[in-house]
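2 protein chains.
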Amino acid sequence: MLATTIDSQFDQRLKELAEWIAIPSISALPQHRADVYRAGEWAASYLRNLGFPTVEFTETEGLPVIYAEHCPHAGKPTVLFYGHVDVQPADPLELWQSPPFEATIRDGKLFARGANDDKGQCMVWLGALQALKTIHGELPVNVKVVLESEEEIGGHSIEAYVKAHAERLKCDAVIVCDTSMYSPQHPSICTSLRGIVYTEVEVKGGKTDMHSGHYGGVAPNPLHALTLLISRLKGEDGHINIPELQAAIPAVTDDEKAFWAADPVNFNAGLYEEMAVTQLYGENEHSPYARTGLRPTLEVHGIVGGFMGEGSKTVIPAEAKAKISLRLPPGMAPQPALDGLKKAIEQHMPKGYAHTVKTLGMGAGMNTDWNNPYMLKARKAMATVYGKEPAPMRMGGSVPVCAVFDSVLKSPVLLVGFGLPDDDLHAPNEKYSLDQLKKGMNTMALLLQAIAE
Amino acid sequence: MLATTIDSQFDQRLKELAEWIAIPSISALPQHRADVYRAGEWAASYLRNLGFPTVEFTETEGLPVIYAEHCPHAGKPTVLFYGHVDVQPADPLELWQSPPFEATIRDGKLFARGANDDKGQCMVWLGALQALKTIHGELPVNVKVVLESEEEIGGHSIEAYVKAHAERLKCDAVIVCDTSMYSPQHPSICTSLRGIVYTEVEVKGGKTDMHSGHYGGVAPNPLHALTLLISRLKGEDGHINIPELQAAIPAVTDDEKAFWAADPVNFNAGLYEEMAVTQLYGENEHSPYARTGLRPTLEVHGIVGGFMGEGSKTVIPAEAKAKISLRLPPGMAPQPALDGLKKAIEQHMPKGYAHTVKTLGMGAGMNTDWNNPYMLKARKAMATVYGKEPAPMRMGGSVPVCAVFDSVLKSPVLLVGFGLPDDDLHAPNEKYSLDQLKKGMNTMALLLQAIAE
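Sequence lines, in order, name chains A and R. Mind the numbering: the first sequence is residues 1 to 453 in our numbering, read in order. Mind the numbering: the second sequence is residues 1 to 453 in our numbering, read in order.
Do not take every clue at face value.
Identical copies carry no separate label here, and so any pair may be met within one copy or between two of them.
[As the list claims (entries may be wrong)] List of simulated lysine-lysine pairs, DSS-like, C-alpha gap at most 25 Å:
| no. | residue 1 | residue 2 |
| --- | --- | --- |
| 1 | Lys76 | Lys410 |
| 2 | Lys204 | Lys313 |
| 3 | Lys313 | Lys358 |
| 4 | Lys170 | Lys410 |
| 5 | Lys342 | Lys313 |
| 6 | Lys313 | Lys15 |
| 7 | Lys343 | Lys313 |
| 8 | Lys438 | Lys351 |
Simulated from the structure, these hints should not be mistaken for laboratory data.
Put together the whole structure using the sequences plus the hints.
Rendered as structure tokens:
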């Protein structure tokens, strides 16, 4: 019944999606500002037509937030859908096989800017809502929707909005359809994100730059101090000497470990290929899955000081700075990680150098329990549609809005996405598999029905 | 006799020096090109008047070289004087207490650009030659003179000239009056210079810049590799892990060690003050004298790669470069030092990183035996004038032309200079002590007489 309904409505959904895609809502380009608004208005209008009695278009300091609410079922759970209406620029245009803002189907895939990210993925749950409405005459659960317009430019309006409207956005689960799965044969749900702490460590030496001929041998060299410090914070073996980070690594289930060991999706081989390396670097006693998704990282992103131009200059700089970030084990709060880093810097800084640690950014990660009741429902829905139990997938990056949902709304965040690793997000010929779109609608509809029960 | 002659001629010498100083021969500024030529012509004319039968003004690829020769004594030694006619720019003009190109006497010191560097110091030996000519009716030894015009801009014309005219410049000793002594109470002669090797070490990681969220934990990070490498090349204790450099450190006499230990010139305290530090850095088991003049250094001058702008970017760079220099123990040739560095880099580079070592510059140092017969004569002359045996003084920098004299002419290079540490070379209110100028003329005249004997 559900599958046939989704099937029968699918062409209509594609038509609607093509209409939305045709609006070049590129948030990065000022000349497309009006298009970003139009794409938001398209979504607002779509939700209104879907029967949402409350649909609001809210201006922010940046680009708008759209909020919709349809909560007629007093005793039933409420889900909050999150998505974004803005897209990446389409350059370089000459590499597109069909115009970026004309949804074009080839080989069972929809090609366009936004075909996946995030208009296509939003259509997953919009399509599910449409089918459920057709079948039940109304949505089976309470539904809230929040859409932003600054995701592709890292805007902060959505975080401010969520924090300012926490009571209104209250829900039992947040569903985000903006991620990928390993493959159609190996469905997966994202279960965690790493947090981040980004610092600039400034080290001071003498009162002024010095000449290495005159002072070399007795002079402090802040650049050398930084190399000593960083080599002590993380060794060639990849081990990070910050006990607080090590202690925060969450346990994983035996199932997840078995998946890592079996590596049916060739994740490990993929890393070699993507980086074009002949070895992996770091903690080789741990699985690459754990190292990219679960375990902390410490990376140096840049070292500034002394002479950085072409050629040679024999300067011993008076000061130098290193940009050092941590990725945090999912679930670890940023502040204790920063404290741990500062303590380690204090401990490992060579003697006699004054230093300061400036915090340039902090963001929490997120960890959704694989056995949370809502996660169990999502897993079951996906298993039903794909014929295979999904694997947990850990993402090593940080998605600030998810952390905000997690920490402000205190609801489980389900990152149930249907993209595939080769969908070329942010690149020419971005695409979305029509089969994945349809399976996504089915999964999402089953999930909502399960939540309603 | 000598002293009274020098005394009686001193005002005339000052007049001549003021004339030379009045020509603003700033080699760094194109608008003063003609002045550089005029200052050279002034010197050529002065030497002609002094009785040099051969005086040549030679064009180079850059600014001219002046060569003069007066070698009438078949059986006697030949000395070669080196100096430069160009000066540093005078900016900032507003900080001068008297016009920079008007030689002005205040408190027994001559103030002007070039009062010391190097016109005043050239007048030391020109004055000595004048006095000796007056007393003996002719110069007591064979004298060659080579003056360049690019010293203040690091030009290479003089090196090319010396190499091209090695036979002509043949001599028994080279005398350079372009350095300072510790103090009038602690006369000194410079006995060595350190050589230099300047490299850029490039390290490659993945094929492209990577995102630390996705790849952090398995990705190569060339910046991290460089910190590991550099921390292994030189530890916090200042020890450099390049055995070739350690093996090349020359022995020093017990006298020199005693001088270092007594430190009558407060060299060590001066370092604290000049650098504004509360401790010295590096090999604290060795004397600061040895560490700044005798022992090798390894310094990192800049690290380039990743993100060096303001703010934060979570990039793991595909490549990074470090500018690393060595100062070489006096007397060590640059090539074996470079070979040693390359071997050490090979050994200490973290596994799996491709790297290249680019040589950006190499220059030999110099080591003049403190007991060389000509050095002994210089020491004796200075001791006679100052009433105190001079101390050996080691300079940690490199003066390429001295290394060329040393290696091409294979003659001992005597760096007998009469500047003082506070003469403000290259700065506003450059000065030269008239007492030092006169003592210099006396020392130089005694030295030439001793060589003649």
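Hint-by-hint comparison with the structure:
| no. | hint | in the structure |
| --- | --- | --- |
| 1 | Lys76 x Lys410 | within (18 Å within a copy, 97 Å between copies) |
| 2 | Lys204 x Lys313 | both (19 Å within a copy, 23 Å between copies) |
| 3 | Lys313 x Lys358 | between (28 Å within a copy, 15 Å between copies) |
| 4 | Lys170 x Lys410 | within (9 Å within a copy, 87 Å between copies) |
| 5 | Lys342 x Lys313 | between (32 Å within a copy, 20 Å between copies) |
| 6 | Lys313 x Lys15 | neither (63 Å within a copy, 39 Å between copies) |
| 7 | Lys343 x Lys313 | between (34 Å within a copy, 23 Å between copies) |
| 8 | Lys438 x Lys351 | neither (62 Å within a copy, 47 Å between copies) |
Consistency note: the structure conflicts with the earlier hints numbered 6, 8.
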